[in-house]
Amino acid sequence: MTERFDRILRKYGQSVKVNGGEERAFFQPAREREKAAPFEVSSLGTVDDRRWTFLGRTELKLGDRVEFQGQAYTVRSCESIRLGDETVYWWASLTAQREAAK
Amino acid sequence: MNGLNQVRDAVIDALKSAGVAAVPAYEGTAKKYEGAVAAVDVATAEGKAVGLCGYLGEKWDEETGNARELYGLQMDVTISLSVRAERAAECETAMETAVGALMGGLPAGLRLGKMNWNGIAWDKTTGMFLRKGNAACKAAFLAEDSGEEENLLDFILKGTMEN
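Heads up: the sequence lines are chains A and B, in that order. Under the working numbering, the letters of the first sequence match residues 1 to 102, in that order. Under the working numbering, the letters of the second sequence match residues 1001 to 1163, in that order.
Keep in mind that the hints were calculated from the coordinates and are not lab data. Computed from a predicted structure; not experimentally measured. Do not rely on the hints blindly, as some may be mistaken.
As the list claims (entries may be wrong) - Chain A regions said to be covered by chain B (calculated; three or more residues, Cβ under 8 Å):
#1 41-55
#2 96-102
Claimed, not checked - Cβ-Cβ distance ranges computed for the label pairs, FRET-style:
#3 A:K61 / B:A1121: 20 to 30 Å
#4 B:N1118 / A:V41: 13 to 23 Å
#5 B:M1115 / A:N19: 39 to 49 Å
Ideal Cβ placement from N, Cα and C applies to all residues, glycine included.
Generate coordinates for the entire structure from the input sequences, incorporating the hints supplied.
This is the structure:
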């Protein structure tokens, strides 16, 4: 099953960097209920709270960094997806990484 | 710079001097910080004139050799602080440092009254731990006439540098 998934990724996936290493994965915006604005407001400033979904072969942990088309994202939630006893791929939900304060 | 921003900036300066990163609240996009950060805002303000309709008297200007008229304004302000950090312990430590800065690091024109803090909570929006607090202060502002032009200069928070 993992070979099939790898073939699908090679054909239909996107190029991403996971913690600096390049690979193929599905990286798409997560669908969510319609909102008035693509951000939340806090006293610290506005926060881009749009979620992105990652499906790939690399194991991810909370806080890991994924880069896609020059933008960095942070893993907020992740799980391994199994078929039988085999981990076929990793699912993760990500948000855009905030710019570092000077 | 208006009076409320002077109060806010004086608190930000006091926090920074104590080693806590501090920013004006609701300004631009939220950044990522290495440690804790405090967002500072003036939540409420109520002004009243002091002296005779704000007139405090005259002071002698050594440089020009003229008397200059002094005016005063006092405001009761509530300063709102939101201390955030990615770790709870960092948030607690920064809050304690912020309390110390408010108690001992404010300029002469800001006198601290009552202070209260909420318990630590998780802020889902920023993905950080949060402690919110309020500090009631009395803010004293001074203004003087500009001398030759007989114009009243801006009110400046007492004890802060004039830019």
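Quick rundown of the hints versus the structure:
1. Only when three residues or more bring their CB closer than 8 Å to a CB of chain B does the claim for the segment 41-55 of chain A stand; here the count is 9, and the claim holds.
2. For the segment 96-102 of chain A, the assignment as covered by chain B holds, since 5 residues bring a beta-carbon within under 8 Å of that chain's beta-carbons and 3 suffice.
3. In this structure the hint that K61 of chain A and A1121 of chain B lie 20 to 30 Å apart at CB holds, the actual value being about 25 Å.
4. With their beta carbons about 19 Å apart, N1118 of chain B and V41 of chain A fall inside the hinted range of 13 to 23 Å.
5. The beta-carbon spacing between M1115 of chain B and N19 of chain A, approximately 43 Å, falls within the hinted interval of 39 to 49 Å.
Against the hints set out earlier in the document, no violation occurs for any number.
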